[in-house]
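Trainee: The lines below spell out each chain.
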Amino acid sequence: MDMEVNEERGTTHELLIKKHIEYVVNHGNDKNDFEYTMTEFLRMSGIYWGTTCLDIMGQLDKLDKKSIIEFIKKCQCGSSGGISACDGHDPHLLYTLSAIQILCTYDALHEIDIQAVGKYVQSLQQPDGSFFGDKWGEIDTRFSFCAAAILALTNQIHLIDVKKATEFVLSCANADGGFGSKPYAESHAGLIYCCVGFLSITHNLHRLEREKLAWWLCERQLKSGGLNGRPEKLPDVCYSWWVLASLTILGRLHWISSEKLKEFILLCQDADTGGFSARPGNMPDIFHTLFGVGALSLLGYQNLKKINPTFCMPEEIVQKLYQVQILES
Amino acid sequence: MEAFIMNEDKVFCERVINELDKVLKNSQSLVQTFEVIQVPFKQNKSPIRLVHNHLGIESWCIRYVYQYAHQLIISHRKQNRLPASIVKYLNCAILINPDVATFWNIRRYLVERVQLNLTQEFQFSSLVLSKKPKSSEAFFYRRWLYSFQSGEAIDWAVEISLCERCSERKNGNYHAWNHRQWVLQKAPNLLSYEIIKTEKFIRKNIADYSCYHHRHFVLSKLFDIQYYDVHDNNLNEIYRFVNVGLSDEAKVNNLEGLIAYLFPNISIETINMTKLNSLLYLLNLIIYDLNMIEELILMHGKYEAFKSYKRVIISLALRIIKLCTYTDYLTIGHFTNTTKPLENTEIKTQNTVIEQLLNQLDSDDNNYIKIFF
Ligand SMILES: [Zn+2]
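Going down the list, the protein sequences come from chains U and L.
Its first residue numbered 0, the first sequence is counted upward by one per residue in numbering that gives the first Met the number 0.
Its first residue numbered 0, the second sequence is counted upward by one per residue in numbering that gives the first Met the number 0.
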């Protein structure tokens with residue numbers, strides 16, 4: 000399923016960097032806002048999206064580092080070691096990863112108890128190699144990625160059974176070459192990114208059906224140039240990231256049309272407020288703004304820092320911390 | 000921030016939350032759906048509405064009521080004070096914003112302390128799904144709730160119906176289909192009913208690929224449990240398929256002939272009949288599906304879902320034919336030829352059925368065949 004892209008008056012083929020910086024910096028300024036309360040449950044990820052996006056645009060110093068680090072410190076749970084999305088919420092692997100990513104960006108890992116984070120991740124691994132997202136027991140390949148990423152960035156990957164974790168991730172592969180959230184679940188570009196990312200961190204990419212998976216990923220590109228996340232779904236900017244990052248890791252970025260995708264992504268900018276939306280004409284949000292900018296960085300857009308496809312963080316920061324596996328094209 | 004909420008507003012929010020609580024307490028088992036009714040401006044009557052079995056809240060009041068309930072819950076959570084009376088605030092907050100894991104977790108604490116009962120929690124989570132049919136938190140909560148019940152006491156068919164309703168309301172509902180697969184792994188006896196259900200669903204929602212994927216899951220699982228229809232193992236589709244293009248004398252019309260055609264290396268006396276029946280049942284279904292897709296293409300034109308589904312069921316067919324031809328799967332203990340899997344090219348030239356199956360792929364999908372089959 001695709002969409003008609005109508006180029007309206009005022010649409011642009013340029014990246015509106017100034018506008019996007021403004022958008023990210025002003026995001027969440029009104030803390031009494033209803034929307035702000037509604038999204039509190041993922042605040043930590045929101046901050047990660049914002050800081051990473053600004054850093055890629057070379058403007059990280061526009062946010063207050065000190066208050067962000069104070070915020071993260073308040074979110075680490077004293078008993079489990081895990082980190083929550085916001086003070087008063089429960090810890091979860093998803094937000095623990097976001098917090099670690101922000102701290103790496105600020106070179107501030109020492110500000111929290113990293114060993115406790117390691118223990119938390121370790122405690123969530125199951126006998127079959129999979130990971131719970133938190134103590135309540137949901138299993139998902141997203142959590143395998145979070146676990147590996149957290150431990151790689153904090154240099155503690157030895158804490159988990161990587162071999163079993165890999166077997167679990169591979170057990171989620173489908174006949175079409177893709178991956179889902181658990182064994183038998185439908186292939187989904189977001190979850191493929193998590194599984195490919197996991198294998199890139201653990202240096203197990205050779206165990207993938209590389210060509211078949213890359214083929215499936217390329218079929219996500221629609222006539223509009225945009226990418227969808229599954230067959231028959233609409234194109235969406237966030238899938239530009241997930242599909243593109245996976246293809247980059249697989250060394251198959253050149254299998255899709257970069258020009259058409261670039262055009263599609265640029266059409267998703269909001270020329271008035273700044274920010275990117277899922278599709279042209281929709282409301283922008285911080286999530287799609289990072290993934291729009293991140294995808295353009297992968298496509299080699301000028302004036303953007305190079306982004307690491309596995310961690311979705313600036314390459315210069317990842318280089319200092321961990322060596323991921325990327326396949327040659 | 001609590002201080003910012005005016006006293007007047009507090010009284011109002013408490014009133015709305017209590018009213019919602021009253022409806023849920025008195026008639027939760029009757030209330031089937033919840034929704035936010037778009038009313039942009041304040042009205043001079045209660046924003047809670049109950050019409051027959053449908054509960055609604057007017058949109059204009061949501062920002063006040065949600066912020067109030069949210070703050071109250073989080074401040075309790077911070078002090079680790081979670082009295083059962085917090086439930087009415089949780090009900091309200093979750094119905095408005097089902098994505099907040101921490102709110103669901105508080106319900107879990109209360110269930111563990113037997114301050115909430117399972118039946119009502121099942122009802123509540125299904126009410127949430129009536130508002131947001133793709134709520135992953137609600138499905139996850141239900142899976143967690145089921146861990147408190149013994150398998151024999153559970154009517155899994157009810158859960159399948161819930162998934163079906165949620166999938167009907169939201170195209171490509173990932174969490175609903177995942178949940179359904181979880182149910183079927185708990186209750187494999189329901190797998191065979193999925194054959195008719197998923198065909199109906201596909202014919203009604205031709206562009207919902209999740210259902211095709213689910214049907215593929217069902218087919219593979221049926222093979223795993225060696226299922227076949229004891230009362231009617233009708234193999235008409237296979238006979239028709241293998242007989243295309245054969246001369247009258249060469250036509251296959253009985254089981255011996257079919258086995259000789261499909262597996263020329265295997266003698267019928269050595270075959271495990273249950274495995275054979277389930278294999279033939281599955282092949283028959285796959286060929287049935289290939290015909291169904293052709294029919295759908297004639298009616299609706301080309302869809303990505305058709306192409307993708309054809310690929311996966313043909314590769315499923317190839318996988319099981321390979322398994323039966325080149326391992327001792329069908330003849331355990333008798334077959335001594337080789338268990339080493341052959342190269343794809345070798346298999347292709349040796350098996351006419353595989354050849355015929357590959358011909359079923361669209362001609363414009365030729366590159367895919369060349370590379371991956
Ligand atoms: Zn999106």
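It is worth saying that the hints were derived from the structure and are not from the lab.
Please note that the accuracy of each hint is not assured.
Calculated cross-link-like contacts (lysine to any residue; reagent style SDA-like; alpha-carbon spacing at most 25 Å) [to be verified]:
#1 L:Lys-169 - U:Leu-233
#2 L:Lys-130 - U:Thr-36
#3 U:Lys-181 - L:Phe-121
#4 L:Lys-220 - U:Ala-172
#5 U:Lys-222 - L:Tyr-302
#6 U:Lys-222 - L:Lys-185
#7 L:Lys-131 - U:Leu-221
#8 L:Lys-44 - U:Phe-33
#9 L:Lys-185 - U:Pro-182
#10 U:Lys-181 - L:Arg-142
#11 L:Lys-131 - U:Ala-174
#12 L:Lys-199 - U:Phe-33
#13 L:Lys-321 - U:Glu-231
#14 L:Lys-169 - U:Lys-134
#15 L:Lys-131 - U:Glu-231
#16 U:Lys-181 - L:Thr-101
#17 U:Lys-181 - L:Pro-132
#18 L:Lys-9 - U:Glu-39
#19 U:Lys-73 - L:Phe-121
#20 U:Lys-134 - L:Val-229
#21 L:Lys-77 - U:Ala-115
#22 L:Lys-131 - U:Arg-42
#23 U:Lys-181 - L:Val-30
#24 L:Lys-301 - U:Arg-42
#25 L:Lys-196 - U:Thr-36
#26 U:Lys-211 - L:Phe-371
Chain L is faced by these chain U residues, among others (derived, beta-carbon under 8 Å) [what the hints assert, rightly or not]:
#27 Gly-27
#28 Asn-28
#29 Asp-29
#30 Asp-106
#31 Trp-135
#32 Arg-229
Stretches of chain L that chain U covers, calculated by requiring three or more beta carbons in the stretch to come under 8 Å of a beta carbon on chain U [unchecked claim]:
#33 94-103
#34 188-195
#35 198-211
#36 302-308
Model, not experiment: these values are computed from the prediction.
Positions of the beta carbon are idealized from the N, C-alpha and C atoms, including for glycine.
Trainee: Confirm or reject each hint.
Mentor: For each hint, the structure was consulted:
1. L:Lys-169 - U:Leu-233: Given that 25 Å is the threshold and the Cα spacing comes to 14 Å, the pair holds.
2. L:Lys-130 - U:Thr-36: holds (20 Å)
3. U:Lys-181 - L:Phe-121: Judged against 25 Å, a Cα distance of about 24 Å means the pair holds.
4. L:Lys-220 - U:Ala-172: Satisfied, since the Cα-Cα distance of roughly 16 Å is no more than 25 Å.
5. U:Lys-222 - L:Tyr-302: Holds: Lys-222 of chain U and Tyr-302 of chain L sit about 14 Å apart, inside 25 Å.
6. U:Lys-222 - L:Lys-185: Distance of about 41 Å is beyond 25 Å: violated.
7. L:Lys-131 - U:Leu-221: Judged against 25 Å, a Cα distance of about 28 Å means the pair is violated.
8. L:Lys-44 - U:Phe-33: Judged against 25 Å, a Cα distance of about 23 Å means the pair holds.
9. L:Lys-185 - U:Pro-182: holds (14 Å)
10. U:Lys-181 - L:Arg-142: At roughly 15 Å apart (the allowed maximum being 25 Å), Arg-142 of chain L and Lys-181 of chain U satisfy the hint.
11. L:Lys-131 - U:Ala-174: Not OK: Lys-131 of chain L and Ala-174 of chain U at ~30 Å, beyond 25 Å, violated.
12. L:Lys-199 - U:Phe-33: Answer violated: Lys-199 of chain L to Phe-33 of chain U is near 42 Å, above 25 Å.
13. L:Lys-321 - U:Glu-231: Answer violated: Lys-321 of chain L to Glu-231 of chain U is near 31 Å, above 25 Å.
14. L:Lys-169 - U:Lys-134: Not satisfied, since the Cα-Cα distance of roughly 29 Å exceeds 25 Å.
15. L:Lys-131 - U:Glu-231: holds (21 Å)
16. U:Lys-181 - L:Thr-101: holds (23 Å)
17. U:Lys-181 - L:Pro-132: Measuring from Cα to Cα gives roughly 20 Å; hence the hint holds.
18. L:Lys-9 - U:Glu-39: Roughly 21 Å between the alpha carbons, so the hint for Lys-9 of chain L and Glu-39 of chain U holds.
19. U:Lys-73 - L:Phe-121: Violated, because 34 Å separates the two Cα atoms, which is more than 25 Å.
20. U:Lys-134 - L:Val-229: violated (44 Å)
21. L:Lys-77 - U:Ala-115: holds (21 Å)
22. L:Lys-131 - U:Arg-42: Within the cut-off at roughly 21 Å; holds.
23. U:Lys-181 - L:Val-30: violated (33 Å)
24. L:Lys-301 - U:Arg-42: Given that 25 Å is the threshold and the Cα spacing comes to 43 Å, the pair is violated.
25. L:Lys-196 - U:Thr-36: violated (41 Å)
26. U:Lys-211 - L:Phe-371: holds (7 Å)
27. Gly-27: violated (14 Å)
28. Asn-28: violated (15 Å)
29. Asp-29: violated (12 Å)
30. Asp-106: Result: violated, 30 Å to nearest chain L Cβ.
31. Trp-135: With a closest approach of 6 Å, the Trp-135 of chain U hint holds.
32. Arg-229: holds (6 Å)
33. 94-103: holds (count 5)
34. 188-195: violated (count 0)
35. 198-211: Satisfied; 4 residues make the cut.
36. 302-308: Answer holds; 4 residues pass the 8 Å Cβ test.
When held up to the earlier numbered hints, the structure conflicts with 6, 7, 11, 12, 13, 14, 19, 20, 23, 24, 25, 27, 28, 29, 30, 34 and fits the remainder.
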